[in-house]
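Enquirer: Letter by letter, the chains look like this.
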Amino acid sequence: MPDSASNSASLSVAQRAVLPIRNPGDIVRVRQATREHAVAHGFSLVDQTKLVTAASELARNTLDYGNGGEVEIARLIDGMRKGLRLTFSDQGPGIQDLQKALTDGYSTGGGLGLGLSGARRLSNDFNIDSAPGKGTRVMIARWR
Amino acid sequence: MDRIPILKMGPFLLVTIQVDMHDQLAMQLQDDLTARIVAVRARGVLIDISSLEIVDSFIGRMISNIAGMARVLDAETVVVGMQPAVAITLVELGLSLEGVRTALNVDKGMALLQKSLEDPEVEQ
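Protein chains in written order, with the working numbering: chain A, 14 to 157; chain B, 2 to 125.
Quick caveat, the hints were computed from the structure, so don't treat them as lab data. Heads up, a few of these hints could be off.
Partial chain A-side listing against chain B, Cβ under 8 Å, derived [said to hold, decoys possible]:
{"no.": "1", "residue": "Val41"}
{"no.": "2", "residue": "Val52"}
{"no.": "3", "residue": "Val59"}
{"no.": "4", "residue": "Arg73"}
By construction, the Cβ of each residue, glycine as well, lies at the ideal position given by its N, Cα and C atoms.
Here chain B stands alone, though its shape is the one from the complex:
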């Protein structure tokens, strides 16, 4: 079965979604990520969705789930690189991705994770 690769970079996990995910692949990623967070004691997860051409309610829910599960496992999640057309559509669809931190690109997302690691009291 297909899998989306999860890279480890220091205390963080990096995921770049580059394919048009079918639903099982999204569920698989959710399971793999939570397992990896625990296995490597990751403190942050960065999900790059710059290649995603749409985010529908299923993928949106997956992203929210990952952020929620990661938080319970003491890891921050940042979603980066959302295309403008995707953002416009997401809001009109009615998805707000509550509780999910976002950044414009990978650099800014990494900086955000680094900051929350150094200064865990300063959130948002």
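Looking at chain A on its own, in the form it has when it is part of the complex:
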């Protein structure tokens, strides 16, 4: 899957923060931190809302399916472009079937099955790395 958020030669990280995702309260904190970074980086209200919503979905996945983990929030600068990158990682059981997990309506946890596919639609860049027993790492980025 293309990973343009981390492949460009001119890319630099202006600021980064790491937050734990251990309990439902942390999901709220991830939303708030994502909002703060998006505002500080000059994102429009609609773009902020998309980023925060995607962050909420992925943070919940990290907690519910990955048994908790963390998120790294990075403000990116790539020449004239500004972006926000969120990387969620856990040491959980991993995802058996990535294709299925990315399908709308597919869920192993009784949810709506929109978390992963929805977060992907709300982002410009999306990358997922997971294997059974190896944990899961999901990277999304949105550019202004």
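On the provided structure of chain A, position chain B as indicated by the hints.
Expert: This is chain B only, laid out in the frame that chain A set:
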């Protein structure tokens, strides 16, 4: 534990969500609302989400659940005040809030509930 207040106004229940809800708070609201509908025999529920900065799939599911449970308990649900940025994001996320009636603001939502009370045959 935190709780979102539920106000009774005539035959209707009013809920204004003003905090960034964590998941348990959303579940609690679902339970509280259904219990209150039965306790006061409410005929309608109005949920004001104008202060909500996002609606993710969890909150979306909670709203759909409330509307579904209320319907089974003979009460209409109207969700009012969704911010434009939230609406845009919701659709892109893939949530349609099927079966949930919406109105632009509290006034219009109350009018909708009142109408469905007076004329239950006219739905949608």
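Enquirer: Decide, hint by hint, whether the structure agrees.
Expert: Cross-check of the supplied hints:
For A/Val41, the interface hint holds, the least distance from its beta-carbon to any beta-carbon of chain B being 5 Å, beneath 8 Å. Hint status for A/Val52: violated, given a least beta-carbon distance of 11 Å to chain B, over 8 Å. With 8 Å as the threshold, the beta carbon of A/Val59 comes within range of chain B, its nearest partner Cβ sitting at about 5 Å, so the hint holds. Because the closest C-beta pair between A/Arg73 and chain B is about 6 Å apart, less than 8 Å, the hint holds.
In terms of the numbered hints stated before, the structure departs from hint 2 and from no other.
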